[in-house]
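A.B. asks: These protein sequences, in sequence, are chains A and B. If you count the first sequence from 1, position 131 lands on 131 in my numbering, and the numbers rise without skipping. Add 220 to the 1-based position in the second sequence for my numbering, that's all there is to it.
FYI, nobody ran anything at the bench for these hints, they're computed from the structure. Small disclaimer: the values here were computed from a predicted structure and weren't measured. Where is the CB? At the ideal position from N, CA and C, for every residue including glycine. Treat the hints with care, as some may be off.
Unchecked claim - DEER-style ranges, computed between Cβ atoms:
1) B/719 <-> A/194: 27 to 37 Å
2) A/220 <-> B/1017: 48 to 58 Å
3) A/143 <-> B/541: 54 to 64 Å
4) B/672 <-> A/120: 55 to 65 Å
5) B/777 <-> A/195: 25 to 35 Å
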Amino acid sequence: MNGYDFILAGAELTALGSGALFWRDKNLLCVSDMHLGKTERRARMGEANLPPYETHDTLSRLQSDLHATGATTVICLGDSFDDAAAAQALLEAEKLWITRLQAGRRWVWIEGNHDPGPVDLGGTHLHELPLPPLIFRHIAKPGHSGELSGHYHPKVTLPVRGRAITRPAFLIDTDRVILPAYGTYTGGLRSHDAALGQLMRPEAIAVLTGTTPRAAPMPR
Amino acid sequence: MNAAQEFLKTLGKTFSEKFWRSAYIRRMTYLPNTFHDWFAARGWSIHPHQQAMLNRADESALLLIAPTGGGKTLAGFLPTLVDLANGTHDGLHTLYISPLKALAADIRRNLTTPVTDMGLPIRIEDRTGDTSSSAKRRQRADPPHILLTTPESLALLTSYEDAPRIFKGLKRVVVDEIHALAESKRGDQLFLALSRLQAMCPDLQRVGLSATVEDPAAIARLLAKNPDPCEILHADPGPEPDIAMLETEAPPPWAGGGAAYAIPAVLEQVKRHKITLIFHNTRAQAEIFFHNLWLANEDALPIGIHHGSLDRYQRERVEGAMQRGELRAVVCTGSLDLGIDWGDVDLVVQVGAPKNVKRLVQRIGRANHRYNAPSKALLVPANRFEVVECVAALQAVRDRDLDGEPRGPGPRDVLCQHILIRACAGPFQADALYNEVTTVGAYQGLTRTQFDDCLDFCATGGYALRAYDQWQRLLCRDGLWQLRDPRSARLIRMNVGTIQDSDLLKVRMKRQRGGKPLGEIEEGFAASLTPGDTFLIGGQIVKYEGLREMVVEVSRDAARKPKIATFAGTKFATSTQLSQRILHLLNEGDQRAVPAHTRDWIDLQARMSRLPRAGRLLIESFPHDGREHACVYGFAGRNAQQTLGLLLSKRMEEMGLAPMGFVSTDYATLIWGLDPLTEAEPLFDRAALRDGLDRWLAGNQLMKRTFRASATIAGLIQRNVAGARKSGRQATFSSDILYDTLAKYDPNHLLLDITRQEAMRGLIDFGRIEDMLDRIEGRIDLIRLPRVTPFAAPLFLEAGRTPVEGAAQERLLEEETQRLMEAAGLA
């Protein structure tokens, strides 16, 4: 499997090129910020109708990651739905698809700022989940360690021979990992942003998503 | 001091003296006495075409073609002023549309003073993006007699529910610089808005004011309500321009675009003239030339720089200094092509080949605005091939042979925006709107199906998967289309317009609080900078310090050599007509005007190889420096040659010739690889090229860039949201991802169709490749040579080489991340 291996608080983790994180010892796959139903929410708000294929696209990628890793536990790190109504408004086929993915797996929805309440889909709904030595939550808390979180949709821009390559990226240091957004229509916050600069240690690295994930010092 | 002198003084003499001097009316039959007395006192004379405009004030559509400086604007306004003089008209009488905000404001100032002077009961106001919202509200409640505005502001005005009341009584619309608008989507939007106005005011008269163009009838068709006729008036074109190629002691170099060799000669010309405009084709070239000019400017002549990437404040400072006559020269780009008068310019210098004869003629017109004096201009070729292009362009100017590409049918992304704007104004019938739209010249061929597709896109997004039907933007109730949520009108209005600037970041001096703004650079260029890098902006070398809150912070740097300024490098392709003239000149044309150094080069090419000919395609195949090369002289313009390079190298890959890369100019593409090209016909199989194009297009950056523009215009992506304008970076999703998603799940979507059509005639320009294939009809001359040829040699020095490797980005990324990790001691 194509991934970048690293150790957080003694746990051996793999950052996948898709933006998902795999914990082999627990056979656990973690994704963050899927924002399912984003086009529906935007349309509902009277904004332009975006191509309504993003839920399909995001679930397709999740399915192939599950097949590739054979994960038996899935943790969605919050903002899995663009809002509660968007979760309700998923097409019947999409809801069934999620149910199929959940079959035979332990599935945890961590709540995010976009989806604070429980959703009417299978799985466990939690505020945060400690799985020592790690803890899974939506928004990073300064001072904690062994922490996996999302929320910021970090992305990284690298100048390469006169042009810039921008990719969603994992931010990794000895205390925490911030996962990139997994959803298809999700932008990002550049690693230069002060919010990320304050959370991450000076020696933090960024792992750029893509066909093969690549590590670089976190640009700031 | 008498009133007239005082008036001239208040106006500042540059614009207004000319403006009004041209206005003395001999046939007072058409003029109320107040006018006559006021003009006669100044001893000014009217041009025949201005009189003709008065005589034909009743035409429903009238197009005036006059050279720059011919008093066009006044000719357009005289009938309005005369009609309004008796004070009986209530409300809006004349709309004046200009492509520039600054021009609208200028005209207002120039009209207001004499109108006040003569005590005419006429209210004149301008309305642009710079007008305050309170003034805008007042204008809607109580419109002035003459409103000066831009296409975008007009489109916005038509979007209000009370539009019929605002435009009640409107009699004339005057479109200034219509030749410039006609070439862009801003023009399409304007003409669509005019069709709305015409529906509200059936007797509306349309007047167009145009510089000299190759096909006045084409502009007339855009101006008039289709299928009504449009009268065309031609002003006296004035004397032949005095135009030549700049003679220099040093011959121009083989390649490159900087023309640094000509700096001493250009400085010498600046000294000999009062005010010189030095035009460049790109902003980056203007910056570099300006920098070098100052290094050589020992007499410290006051020379400024002006281009679209500079901060508005910086530009206004240069404009002001120029109008006050404080500058001897301005290095500029197309940003000075239009509109405002810059005072006593007596020389125009064009650096680099003009690429397009029409633009050259319009630029030359910027010199010597006295109507009966010839304009003086000098061309400075930047390299040996451009010498040939300049000579061909000079011959075209003398033959008054202007070029232009027909624009094709009206773009449908602009139509989508028009439909949304129409919906903001209130419920409408699809039939009625379709009939209105087809009265616009550019849209006369629009089929009902095409229109319905656009309407469907506006309503539902036009997706194959109708998942969100309950949230459609427009819905049809009792045969009337309307906004589902009237609140969405606000968002639509905020995003009116068709101008696409790529994402730009402001550049500021780094200081403790708000340093001085210098201008803007493209986000992509900014991202390629690392702290300590130097680049040129506004003529100074600055050092990149960092990015803070979307602002590029820089500090002054004393270095003499900057990292090249690659921002905003729009390169125009040489026009088809000019390319044909070049081929003619190379073979049977009159070469006496070609300087000896370049004639020798042409002769050498003829002896060593062959000269490219019209109606045939020359391909040279030769080894050089351990690699095999093929040079294809398609003369199809830069964009098409670049596309040709991509397609041919793909075909060569399939043929097992192991191509490694290529580079293109306006006239040729050079491809290098491991094996020699021995058979050319299979390369140019049209079906295979087409097929290659389709496959290559799918994931292409040019397509994504085109898609972003069309998707923004059509209202899929909003640049402006309530609050602040969002940048590419803060966007919640990227248009590239939308493109990929649509291409994957809905490849026949309207927007992808529009994107393909746009790209074919724009950046990818496959149309010109097909034209070339039509011209050569299979007559391909592949010749094998032992070494590099005189015409091919400059291509080896050309920048912008494209490597042929699909996995390029992954490989580059691997190298770079590896290097960074090692440098940081993390690997």
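A.B. asks: Does each hint hold? Answer for all of them.
C.D. replies: Going down the list of hints, with the structure as the test:
1. B/719 <-> A/194: 27 to 37 Å: 32 Å, holds
2. A/220 <-> B/1017: 48 to 58 Å: With a Cβ separation near 39 Å, residue 220 of chain A and residue 1017 of chain B fall outside 48 to 58 Å, so the hint is violated.
3. A/143 <-> B/541: 54 to 64 Å: 57 Å, holds
4. B/672 <-> A/120: 55 to 65 Å: 38 Å, violated
5. B/777 <-> A/195: 25 to 35 Å: With a Cβ separation near 31 Å, residue 777 of chain B and residue 195 of chain A satisfy 25 to 35 Å, so the hint holds.
Consistency note: the structure conflicts with the earlier hints numbered 2 and 4.
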